[in-house]
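Protein chains: 2
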Amino acid sequence: MRLFDFNRAPNPRRARMFIAEKGLDIEKVNVNLFRMEQLSDEFTSINPLGTVPVLETDDGTYLTETVAICCYLENIHPEPVLMGHTATEKALVLNWNNIVEQHGMLSIAEMLRNWSPGFRDRVFPGKINYHQMPELIERGRLRTLQFFDMIETRLQLVNWLAGEQFSLADISLLAISDFASWVEIDPLENRSALQAWYTRISERSSVKA
Amino acid sequence: MRLFDFNRAPNPRRARMFIAEKGLDIEKVNVNLFRMEQLSDEFTSINPLGTVPVLETDDGTYLTETVAICCYLENIHPEPVLMGHTATEKALVLNWNNIVEQHGMLSIAEMLRNWSPGFRDRVFPGKINYHQMPELIERGRLRTLQFFDMIETRLQLVNWLAGEQFSLADISLLAISDFASWVEIDPLENRSALQAWYTRISERSSVKA
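Going down the list, the sequences are from chains A and B.
Heads up: the first sequence begins at 203 in the working numbering, then just goes up one per residue.
Heads up: the second sequence begins at 203 in the working numbering, then just goes up one per residue.
Some clues are possibly wrong.
Copies of the same chain look alike in the list, so a pair counts if it fits in one copy or across any two.
[Stated by the list, open to error] Cross-link-like lysine to any residue pairs, in silico, SDA-like; alpha carbons within 25 Å at most: (1) Lys230 - His333; (2) Lys410 - Phe236; (3) Lys329 - Leu359; (4) Lys224 - Asp323; (5) Lys224 - Thr288; (6) Lys224 - Arg393; (7) Lys329 - Thr355; (8) Lys329 - Glu354; (9) Lys329 - Ser408; (10) Lys410 - Asn331; (11) Lys329 - Leu347; (12) Lys410 - Thr263; (13) Lys230 - Phe208; (14) Lys329 - Leu314; (15) Lys329 - Leu344; (16) Lys329 - Asn392; (17) Lys224 - Arg343; (18) Lys329 - Asp388; (19) Lys230 - Pro319; (20) Lys230 - Glu354; (21) Lys329 - Gln348; (22) Lys224 - His287; (23) Lys329 - Gln304; (24) Lys410 - Asp261; (25) Lys329 - Ile387; (26) Lys230 - Ala289.
Since the hints were derived computationally from the structure, they do not count as laboratory data.
Model, not experiment: these values are computed from the prediction.
Can you make the complete structure from the sequences, with help from the hints?
Structure (structure tokens):
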């Protein structure tokens, strides 16, 4: 089993933190996004989307979505449970993980990739170039703030994003809460429940993974 | 258990088709998106995102993401299996379902919502308005075609999107293959593997759900 990884990017961090929580030791292969190694023929033959993380399983399957990588590891190494015990818990973990991906991650990425000179003509991952649109920076900022407001409302009711158990949804939220600093947003500012949650999750050693 | 539904939208269709494949009978509550009922105080107290489908489970939990609704139903009604048997299969279903959501659904939605007069100032669901940007129509079109090209490559290798078993990933792909007609794209044109897959899935009675 091998994890194609890059230590500066938020999605690989989710996979590494999940692996650390499980207490697993998985070989890592560095794909340097700063050097565009994800667009090499070698890597796009593994993942045509040109994204990391990718998990190569022992049977040679390539999983290219973080949620799928975590689902696989959860099934082969069930303890500690990170994706819910009951049908309701399992569903809530996927529910909040999806919200974090589609409303949080994509909004921050929209802002960053339309703003940073490093992403000029690289607004989406993959081989096809899309040019930056400055209008999308402000739109991404508003959507990011709107996302963290929704999360604040949720965390006023529960200790962990999917309910009373720490889960993949929290790992995903941590990754993007830190990712927000790339676009000069501090999600903890004026959001006390999120701040308390951040303090709580920061006590876990897996955050350094 | 109740499903908040709207029969013209692609995501509720995924939930309905999944329910039909399971042979379940679940009460439906119509939320008329054409009349903006999803933004009523009553509905946003259930789902602040203002989207359908939403599943209200028997314990009163609201699931607002289609993948979470399906995960819940898969766990309480395992047969027929629609989200994989083995760890690898389960992961591949989530993997491809996620790709369909984030690369297919979001691209078509980007095109449609920036184009159709019906979505003026409604580029994203929810209570906050974002204005249309005509430039995003062409970008959405290119991303949609790029997505279906990737799917074509995949379906040249396998009968069903996640492998050899029909799954949620196929249900999601069907919903957006038909959704593409809203933006005047015929995904089957010049894509023979996708065409064969479409013929195969159209034989299932659940497609009418």
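How the hints compare with the structure:
1. Lys230 - His333: neither (32 Å within a copy, 43 Å between copies)
2. Lys410 - Phe236: within (21 Å within a copy, 47 Å between copies)
3. Lys329 - Leu359: This pair counts as between: shortest inter-copy Cα distance 21 Å, intra-copy 42 Å.
4. Lys224 - Asp323: neither (38 Å within a copy, 45 Å between copies)
5. Lys224 - Thr288: both (19 Å within a copy, 19 Å between copies)
6. Lys224 - Arg393: Answer is neither; intra-copy 30 Å and inter-copy 42 Å both fail.
7. Lys329 - Thr355: Between copies, since 15 Å is at most 25 Å while 38 Å is not.
8. Lys329 - Glu354: The answer is between: 17 Å across copies meets 25 Å, while 36 Å in one copy does not.
9. Lys329 - Ser408: Classified as neither: same-chain Cα gap 33 Å, cross-chain 36 Å, threshold 25 Å.
10. Lys410 - Asn331: neither (33 Å within a copy, 38 Å between copies)
11. Lys329 - Leu347: Between. Shortest inter-copy distance 14 Å satisfies the 25 Å Cα cut-off; intra-copy 30 Å does not.
12. Lys410 - Thr263: neither (28 Å within a copy, 33 Å between copies)
13. Lys230 - Phe208: This pair counts as within: shortest intra-copy Cα distance 9 Å, inter-copy 45 Å.
14. Lys329 - Leu314: Both. Shortest intra-copy (18 Å) and inter-copy (24 Å) distances satisfy the 25 Å Cα cut-off.
15. Lys329 - Leu344: between (28 Å within a copy, 13 Å between copies)
16. Lys329 - Asn392: between (39 Å within a copy, 21 Å between copies)
17. Lys224 - Arg343: Classified as neither; 34 Å inside a copy, 41 Å across copies.
18. Lys329 - Asp388: between (32 Å within a copy, 23 Å between copies)
19. Lys230 - Pro319: neither (29 Å within a copy, 49 Å between copies)
20. Lys230 - Glu354: So Lys230 and Glu354 fail the 25 Å test inside a copy (34 Å) and across (30 Å) alike.
21. Lys329 - Gln348: Answer is between; shortest inter-copy Cα gap is 10 Å, intra-copy 31 Å.
22. Lys224 - His287: both (15 Å within a copy, 22 Å between copies)
23. Lys329 - Gln304: Classified as both: same-chain Cα gap 22 Å, cross-chain 17 Å, threshold 25 Å.
24. Lys410 - Asp261: neither (29 Å within a copy, 37 Å between copies)
25. Lys329 - Ile387: between (29 Å within a copy, 22 Å between copies)
26. Lys230 - Ala289: So Lys230 and Ala289 pass the 25 Å test across copies only (21 Å; inside, 32 Å).
In summary, the numbered hints that this structure violates are 1, 4, 6, 9, 10, 12, 17, 19, 20, 24.
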